[in-house]
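Place chain B on chain A using the hints.
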Amino acid sequence: MAEMVVNAVGRQVPTEVNGKPQTPFLGVGKFEPTGRKAAPPIPALHQFGLDKRVPTLRDALEKVGLKSGMTIGMHHHMRNGDRMAVPLFDTIAAMGLRDIVFAPSALFPCHEPLIKHLDSGVIHHIEGSLNGPLGVYCSEGKMRGKGVLRSHGGRYQAIQDGELKIDLGFIPAPSADMMGNATGAYGPSACGSLGFALADSQYADKVIVVTDHLVEIPCMPWEIQGMSVDAVVVVEKIGDPEKIVSGTTQITKSPTRILIAEYIADFIEAAGYLGTPFQAGAGGIALASVKFIADRMRAKGLRAAFARGGSTKYLVDMLNEGLIGAILDGQTFDLDGVKSIGSHPRHVPTTPYTSYNYHGKGNWATYVSTAVLGATEVDVKFQANVVTHSDGYLLHGIGGWQNTLFGDCSILAFPLFRGRIPIVMDEVTTVCAPGEMIDVVVTERGIAINPLRQDLLERVKGKGLPLTTIEELHDIARKLCGKPEPPRIDRSQPVAVVKWVDGTVIDTIYRVDYGPKA
Amino acid sequence: MSDQAFAGREEKSDAKVTLTKGGPAKNEIVVRSSVQRLYGPQIARCVERTLQTLKVSGVKAEVDDKGSLEWVLMARIEAAAKRLFPDLAGEALPERAAPFAPTVRLRLRRSRLYLPGSNPDLMQNAGLFKPDGVILDLEDSVAPSEKDTARILVRNALCAVDFFGTERMVRINQLPAGLQDLPALVPQGVNVVLIPKVEEPAQITQVAEALQQISTRHGRHDPIWLMPILESARGCWNAYEIAAASDTVCALAFGAEDFTRDIQAERTLEGHESFVARSLVVLGARGAGVQPIDTVFSDVENMDALRASTKEALALGFEGKGCIHPRQIPVIHDAFRPSDDEIRYALRVQAAMDEAQRSGSGVISLGTKMIDPPVVARAKRTLRLAEEMGIDVQALV
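Protein chains in written order, with our numbering: chain A, 8 to 525; chain B, 329 to 725.
In short, the hints are calculated from the structure, not lab data.
Treat the numbers as computed from the prediction; the structure is a model and nothing was measured.
Careful: at least some of the hints might be erroneous.
Straight-line distance between alpha carbons at most 16 Å, and here's what the computed EDC-like set of lysine to aspartate or glutamate pairs gives [stated by the list, open to error]: (1) K260(A) - E376(B); (2) K354(B) - E376(B); (3) K74(A) - D212(A); (4) K486(A) - D490(B); (5) K260(A) - E629(B).
Isolated chain A (complex conformation):
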């Protein structure tokens, strides 16, 4: 086992992961990167024709020279409708290759069949996000390598900085031409933005585009540029449309969640943020809050320069009504979003480079005033967790969560307890963000403002908000639910690490130990 050191949030972290040296988290803005960005090998035009099509996936993998031990990157815009990751690894298994490192930007329940390739040794380990059944697999210590969890921005940063070298960028694309120009805006498996594939297309040694909708050259708009692509494969189906985007996003019907969303809108109005750029989440509470914020902006005749999202019908309606000046779209959640991104000039796809990258000269998530986010746990020091549950199981990826905390005011919103499980704890199981990054916690039983943000407190007090403290929320949850058992984890067996946005290690996830029939 690698040597463990204590980092700036007091957590034990390994100094080496999967054979690579690691820097412990030093504090927000404390790590100064040096050196130059990574770069793929230099290609030459005479090696490529205009038509890069090959008949099968296997032909493509052979053409780019995939070998055992290499790393494959893939975007997650197909979400739970993805039909390419599993066939990809079935093919790799049939080719007799092993020990592949898989580095997708996120995984979904549809990826459970990858477990057999982890068991058989085709996949060595997964970096990026581990959720659902794959998270359970990792938590129970079954994965050979250590999981490395990164935010969307952190994935871009790691690839750009050369920490995570992608040998093969694998890009399912809803529409593409023979050269490899590709877009997600239309086609039978349309998904909207393709931004998560940017890092793979720019930095991977080799790039394969797979599509089920070959279009006449040139494919426009070319979100993925053919000049980066080695091979194009046309398959019958890359995804299940109904699982890629929802028909129309529905606002939550839960009275408690609606109440929390109203409190968020109350807070945003009281703090003077109404009419300033915001991050629009697509979770139940965040989505409802967007609707209430729109109502209030309309009533007061206010307009925001832009919103970042997660686009949905509600954001599209705001754009069309003139309540926001632009949508900077990281991923598109419903059909209204897909239609709008394909037609409205001020609804544009963004990438983790433009939105989230911490090792850049700016990013849009930092320039919003408010972001409404969820969490699995937050503690009395305002530290927050989004990856593990209180029983120690790793069940979620970080997504853009860490990256969107950099706006002026980050708001964590959730019901104080879910099915008896309290959210406000003495100490989070896993630290995904230090307390200084969380500004406000909104629950149905009150709003707690981080004492570090006295300025916010001054702005909202005396305006009728249900203000409380994080300690008070903790005590209410404890009284209603009782004290939960501590997680049964084996601290001698790390199974994954959580990276901060700058590539340093903020916490370690350990093997859970609930006996054979947990």
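Chain B only, in chain A's frame:
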């Protein structure tokens, strides 16, 4: 006679507890829970403690839990135990959540939120939505086979749930069965008892006396108000007598669904069939100096119709409306809110009144117009309502 009994449901925020006779002397406890890893041991301890309090031993207890809080789990254990041992008399009460606050006879009763007495999921957060009253219902929303379990669940809710100052109401079963609901509930703090399908004033005195006896037995002196629900031709015809039957009656409520069935008419959106009855309820209540409260509005999707129906109720003289979903509450409150113009006018009348008093004039006038006493009374009422509703009237000037 069976060797096994269960209570509760394997649903969100609830638990199904199955007890079987003939276990070892020490109770055997099996827990299967959605929160097993975090709360499994606590659930087992709760079962053990509750059975001990009830003096039940030698049973096998199986819990199929989906995140029930302890007051729910305890209610399910007690209900199962009482089904298994019908002579069991003890109670296993959860920890008290908040001190009980008595209410006055006449107060804001614009909205009352009905909560089925058999569903714990809706109870815990009900007070957060700030209705004027929450009704824990033992009558029509509870299946006949679940009356026993609901009574225990509602009793525990009265004890363990913080309703955040919302008036605590219980709708008991139709008399005379409803009298059996009272002994368990009253000691846990009830502000208003709703009595369904009342037809005769004698029924009111019967409940009032029963409540008096129970209160005395438990040394409680807080008033318990009665809200008879009139939902038959006979009940509406006797509205005044019923309202005047006891000085603990605070309001008369109208029940449209049963009423239309009773008069053998169809319930319509326009409600012509219940117009006279609703007016009788208003007249009976006002005649006796209590509040007339309108029926429940049960279409939770149609907010425009709810607003219209509430405005109509207001126009007929009603002061309140029943609802079944939290999102109906702000719509009802808004409909009963005096308009800004009404408040401004009331403020001007008030100022004229003050002026008349200062100058010692017997005549109150606004500009060149003399103001009659009913107008003054109405202005006073508008300002009192505005104050109760927390409206900042000075901001409107």
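Notebook entry, point to check: Which of the listed hints are broken here?
Noted result: 1
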